[in-house]
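For reference, the chains in residue letters:
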Amino acid sequence: MTQSPHFPAASLEAVAHPADGLLSDDLKLDRDADGNLALTSPPCPKSKAFFEQPRSNATPAIQGQASTLDAAIAKATEIFRAARHPLLGGLATDVYGMRAVMNLAESTGATIDHMNSKSSMKNILVMQNSGWFVTTLSEVKNRVDLLLVIGTDIVSYFPRFFERVIWNQEAMFTENTAEREIVYLGGRNLDTSAGVSPNGKQPDVLPCDLDRVPEVLAALRALVAGKPLKADDVAGISRTSLEKLAERLKAAEYSVIAWTGSALDFPHAELSIQNIVGVVQELNKTTRSAGLPLSGNDGDVTAYNVSTWISGYPFRNSYRRGYPDYDPYHYDTNRLLAEGEVDALVWINSFNPERLPPKHQVPTIVIGHPSMQFEQAPDVFIPIAIPGLEANGAQFRSDSSVTLPLRKLRETKLPTLSDVLSGIESALKTA
Amino acid sequence: MLIKLTGGRVYDPAHQIDGKVMDIFVRDGRIVDRPNDHESIDQEYDLRGKVVMAGAIDMHTHIGGGKVNIARLMLPEDHRSSATTHTDACRAGCGHAAPSTLNTGYRYAEMGYTAGFEPALSPVNARQSHLEMCDIPILDKGGYAMIGSDDYFLRMLAAKKDQNAINDYVAWILHASQAIGIKVVNPGGINAFKFNQRALNLDEQNVHYQVTPREVLQSLTRAVYELGIAHPLHVHGNNLGVPGNVETTLKTMGAVEGYPVHLTHIQFHSYGTEGDRKFSSGAAAVAEALNKHKNVSADVGQILFGQTVTASGDTMRQFANSGHASPNKAVLMDIECDSGCGVVPFKYKDQNFVNALQWAIGLEIFLLTEDPWRIFLTTDHPNGAPFTSYPHLIRLLMDKSFRSDMFTKLNLDAQAMSTLNSIEREYSLYEIAIMTRAGAAKLVGLHDRGHLGVGGAADITVYTDNPDREAMFSKPDYVFKDGELVVRNGEVVKVTWGSTHTVKPDFDRSIEKDLKQYFDRYHTMNMENYKVNANELEDDGRGKVIVQECKGRREKTA
Numbered sequence: 001m002t003q004s005p006h007f008p009a010a011s012l013e014a015v016a017h018p019a020d021g022l023l024s025d026d027l028k029l030d031r032d033a034d035g036n037l038a039l040t041s042p043p044c045p046k047s048k049a050f051f052e053q054p055r056s057n058a059t060p061a062i063q064g065q066a067s068t069l070d071a072a073i074a075k076a077t078e079i080f081r082a083a084r085h086p087l088l089g090g091l092a093t094d095v096y097g098m099r100a101v102m103n104l105a106e107s108t109g110a111t112i113d114h115m116n117s118k119s120s121m122k123n124i125l126v127m128q129n130s131g132w133f134v135t136t137l138s139e140v141k142n143r144v145d146l147l148l149v150i151g152t153d154i155v156s157y158f159p160r161f162f163e164r165v166i167w168n169q170e171a172m173f174t175e176n177t178a179e180r181e182i183v184y185l186g187g188r189n190l191d192t193s194a195g196v197s198p199n200g201k202q203p204d205v206l207p208c209d210l211d212r213v214p215e216v217l218a219a220l221r222a223l224v225a226g227k228p229l230k231a232d233d234v235a236g237i238s239r240t241s242l243e244k245l246a247e248r249l250k251a252a253e254y255s256v257i258a259w260t261g262s263a264l265d266f267p268h269a270e271l272s273i274q275n276i277v278g279v280v281q282e283l284n285k286t287t288r289s290a291g292l293p294l295s296g297n298d299g300d301v302t303a304y305n306v307s308t309w310i311s312g313y314p315f316r317n318s319y320r321r322g323y324p325d326y327d328p329y330h331y332d333t334n335r336l337l338a339e340g341e342v343d344a345l346v347w348i349n350s351f352n353p354e355r356l357p358p359k360h361q362v363p364t365i366v367i368g369h370p371s372m373q374f375e376q377a378p379d380v381f382i383p384i385a386i387p388g389l390e391a392n393g394a395q396f397r398s399d400s401s402v403t404l405p406l407r408k409l410r411e412t413k414l415p416t417l418s419d420v421l422s423g424i425e426s427a428l429k430t431a
Numbered sequence: 001m002l003i004k005l006t007g008g009r010v011y012d013p014a015h016q017i018d019g020k021v022m023d024i025f026v027r028d029g030r031i032v033d034r035p036n037d038h039e040s041i042d043q044e045y046d047l048r049g050k051v052v053m054a055g056a057i058d059m060h061t062h063i064g065g066g067k068v069n070i071a072r073l074m075l076p077e078d079h080r081s082s083a084t085t086h087t088d089a090c091r092a093g094c095g096h097a098a099p100s101t102l103n104t105g106y107r108y109a110e111m112g113y114t115a116g117f118e119p120a121l122s123p124v125n126a127r128q129s130h131l132e133m134c135d136i137p138i139l140d141k142g143g144y145a146m147i148g149s150d151d152y153f154l155r156m157l158a159a160k161k162d163q164n165a166i167n168d169y170v171a172w173i174l175h176a177s178q179a180i181g182i183k184v185v186n187p188g189g190i191n192a193f194k195f196n197q198r199a200l201n202l203d204e205q206n207v208h209y210q211v212t213p214r215e216v217l218q219s220l221t222r223a224v225y226e227l228g229i230a231h232p233l234h235v236h237g238n239n240l241g242v243p244g245n246v247e248t249t250l251k252t253m254g255a256v257e258g259y260p261v262h263l264t265h266i267q268f269h270s271y272g273t274e275g276d277r278k279f280s281s282g283a284a285a286v287a288e289a290l291n292k293h294k295n296v297s298a299d300v301g302q303i304l305f306g307q308t309v310t311a312s313g314d315t316m317r318q319f320a321n322s323g324h325a326s327p328n329k330a331v332l333m334d335i336e337c338d339s340g341c342g343v344v345p346f347k348y349k350d351q352n353f354v355n356a357l358q359w360a361i362g363l364e365i366f367l368l369t370e371d372p373w374r375i376f377l378t379t380d381h382p383n384g385a386p387f388t389s390y391p392h393l394i395r396l397l398m399d400k401s402f403r404s405d406m407f408t409k410l411n412l413d414a415q416a417m418s419t420l421n422s423i424e425r426e427y428s429l430y431e432i433a434i435m436t437r438a439g440a441a442k443l444v445g446l447h448d449r450g451h452l453g454v455g456g457a458a459d460i461t462v463y464t465d466n467p468d469r470e471a472m473f474s475k476p477d478y479v480f481k482d483g484e485l486v487v488r489n490g491e492v493v494k495v496t497w498g499s500t501h502t503v504k505p506d507f508d509r510s511i512e513k514d515l516k517q518y519f520d521r522y523h524t525m526n527m528e529n530y531k532v533n534a535n536e537l538e539d540d541g542r543g544k545v546i547v548q549e550c551k552g553r554r555e556k557t558a
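Here the protein sequences come in this chain order: C and D.
Numbering follows this note's numbering, in which position 171 of the first sequence is assigned residue number 171; successive positions increment by one, without gaps.
Numbering follows this note's numbering, in which position 55 of the second sequence is assigned residue number 55; successive positions increment by one, without gaps.
It should be emphasised that the hints constitute simulated quantities derived from the structure, not laboratory data.
Hints may contain errors.
As the list claims (entries may be wrong) - The calculated lysine to aspartate or glutamate pairs, modelled on EDC-like cross-linking and capped at a C-alpha distance of 20 Å, are:
(1) D:K494 <-> C:E282
(2) D:K531 <-> C:E78
(3) D:K513 <-> C:E282
(4) D:K516 <-> C:D204
(5) C:K408 <-> D:E424
(6) D:K4 <-> D:D477
(7) C:K250 <-> C:E282
(8) D:K544 <-> D:D28
(9) C:K408 <-> D:E484
(10) C:K408 <-> D:D468
(11) D:K531 <-> C:E175
(12) D:K329 <-> C:E282
(13) D:K513 <-> C:E175
(14) C:K408 <-> C:D26
(15) D:K4 <-> D:D42
(16) C:K429 <-> D:D88
(17) D:K513 <-> D:D162
(18) D:K516 <-> C:E282
(19) D:K294 <-> D:D350
(20) D:K513 <-> C:E425
(21) C:K201 <-> C:D233
(22) C:K429 <-> C:E175
(23) D:K409 <-> D:E370
(24) C:K250 <-> C:D191
(25) C:K28 <-> D:D520
(26) C:K408 <-> D:D540
Please read these numbers as outputs of a predicted model, since none were measured by experiment.
Looking at chain C on its own, in the form it has when it is part of the complex (with noise of 0.2 Å):
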């Protein structure tokens, strides 16, 4: 394939993953005559994979026959025409197409929902209820000097967290960063390999089962609050050694505690985050700490960023009732589905092909990346330009204080989600 002449050969720098929730954007690319797009540093597969993926000659399919846009939008329209309560679920997009979202679902009394939704709903309903203080990763970069992160290894999730924000060589407040302190609390068969400093020092670990971090949680927070605890282990972890995190937390100048929701995963989880909350509170009493919740893959600090200006809401939220109504209990992608409650599903997935909507019986029209296969071809599936790769956009980081432009790198042929979305939208207003 050829490409624009817009698109010349280049080398590329200052790009990020636009599905990485860091956001880290010192990935350098080369870019060939024809277009090809191969990462030249750092080494990340996850980076490679996503800016070499091959160029898509997909088009739109109608029941997985293949079909024009034109057509692919006109069955889209029919199926929104007959719907009485449309889902946009997915939202794996930018704030471009978190705009076009948040503009059909408000033309057709449609509720919104985001695939990573019960991860981040956890935070939304802390923030929600007492609120936080919470930090961003340059502040975490330049100060921390006590890391506590709360049952996970992070890496699973973000790989180049302790590359970039703990263990960079230079720090503007930090002497020497490989005397950071890093302790996992929680969690079992961690890979804690990543938290081990550069000088070989290895970081605490004090492993439990995972559903049983909300009581050692609560009883850290009694601690650091001077709270006598009479058990002599929570779940496993001695008193003594939480007695000794407690210390260690209120010696620090700047610890930060660092959780995710998604490995959060045990019923409630809103309510240890809510003691970790807790535990940051108390600590800022006499010295300084910060929480640091880290999300953001496939755009889920977008979406309910863009939703919250455009709304007043997060996603779980609805215009059925012809003004925006928020209920992240009631407005759940599979409790809905589950409950036959919507008429139309409409997933929306940019960014990863594997993320394919929850197995259900409504008509369903599938807006997406490309190289979505499907075991049950849906009704009409209309693969869409890639933001950050193959059209221009911005993206919310993992701390949401910070946004991303991205970037158009290669040719394409597909629309973007906002072409799609507003074309079933005018197509809606002149039927």
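Since the structure of chain C is already known, use the hints to place chain D on it.
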């Protein structure tokens, strides 16, 4: 398209027009001279008996960016009672204290406002701020880039860098963040809090950089002046909300050594320590100082009673105030070696002594400050009250008997501590037009807005004169944005997308060499991605970027 607005009573202080009956002509979004007789008028509005002003400009309102969106996200209870449904012109939305972007634009336009400026745009968060503000319909907007606690700047000050280098950095920030002004919040204090300092007075050193707020203010007021930026340094001072902070405020006015400075939400910085409760009004002293210092302007940040949310870059003070949160929750953040934020919901009550006195202090400042060109009408939306309360505030300023009625309902101890009831002054329509139009445009540096002269943008608001000023200013008959009718009888009839106003002063681009090194060593984002390009705002069909003129770089002044 030639439009004639016939026979309205015009208040255009930029041209000293005080209630003169005249016609206004609009062509292609601009105000034009009376056309030749043979030219046909496409559309005429009979405005006889109506009051005509330029579109109002809110020079300090938190409408876009990280902390505003946090406020929206954390307050579903605020939105539930204020949902709006789809109309012929508008999409659905919600929000009272922290409205959605769509409702922000609709509600401002429905009060006759055509521009609003986000005063605390964190440069590292500038892209988000602009993306959000581009989703505010109808209004023009812009932002003041918030620096002064960023590590790059404090490193420069600590290293005693030359003023020209500081000026170059300030100009670079304005370009990178597509801003129209520079703001400083708790000068150096957001940074000091990251080092566990809990308070910072004007001459107190940051423990790490050994730099004082006074030095930050001197360096930045001078940079803004020397770069020729119209908007003076926008200052949220140290010690916000602390009883006795009136001393800090008076000293801050002196600290800038005659350079232009704007002290924002000055009500929150005008507290004394007199009386049994050690909390008193410093309004008289502040107003006297404002009257004396011609280089100083201020906006009030009036509080009004009810539920709202406070959103600020001042992590230090918001952390200290978070115990007063209502409902009881607060989001606080340290942000990217750049700034911070604190979002704390608040409910001001007229029977609460402190809140009642805050209300009176704000009004005292309005009424005791003589020059309406240097005092501006704000509630520091949403910190003192949501912007939708402006018509009520205007009535308080214009109607002494209404004001007295309100005053007598306050907490009695607060009444006893205030001189408000003895102040007879009532603002005139002309003075309101100065504060909310001509003065605001001049202060922000919008050369073609806030007035009704030939060549100006046709942002025009038409009211029916009504002795009940709250009713009058709540519901304009017509609002034109760039010559298009967007509001009729207080309801949006057409949705347009306004522009983003910026300044782009010249600077020495070689400073990027050092900046790039700094980013590569200490940041987690590439310098090139930190910079926001105008086309990112213009993509997706959401209005244009306008570059307002700087008067040109001045030589070093000392």
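>> To test your reading of the hints: which numbers does this structure violate?
In response: 1, 2, 3, 4, 5, 9, 10, 11, 13, 18, 19, 20, 21, 22, 23, 24
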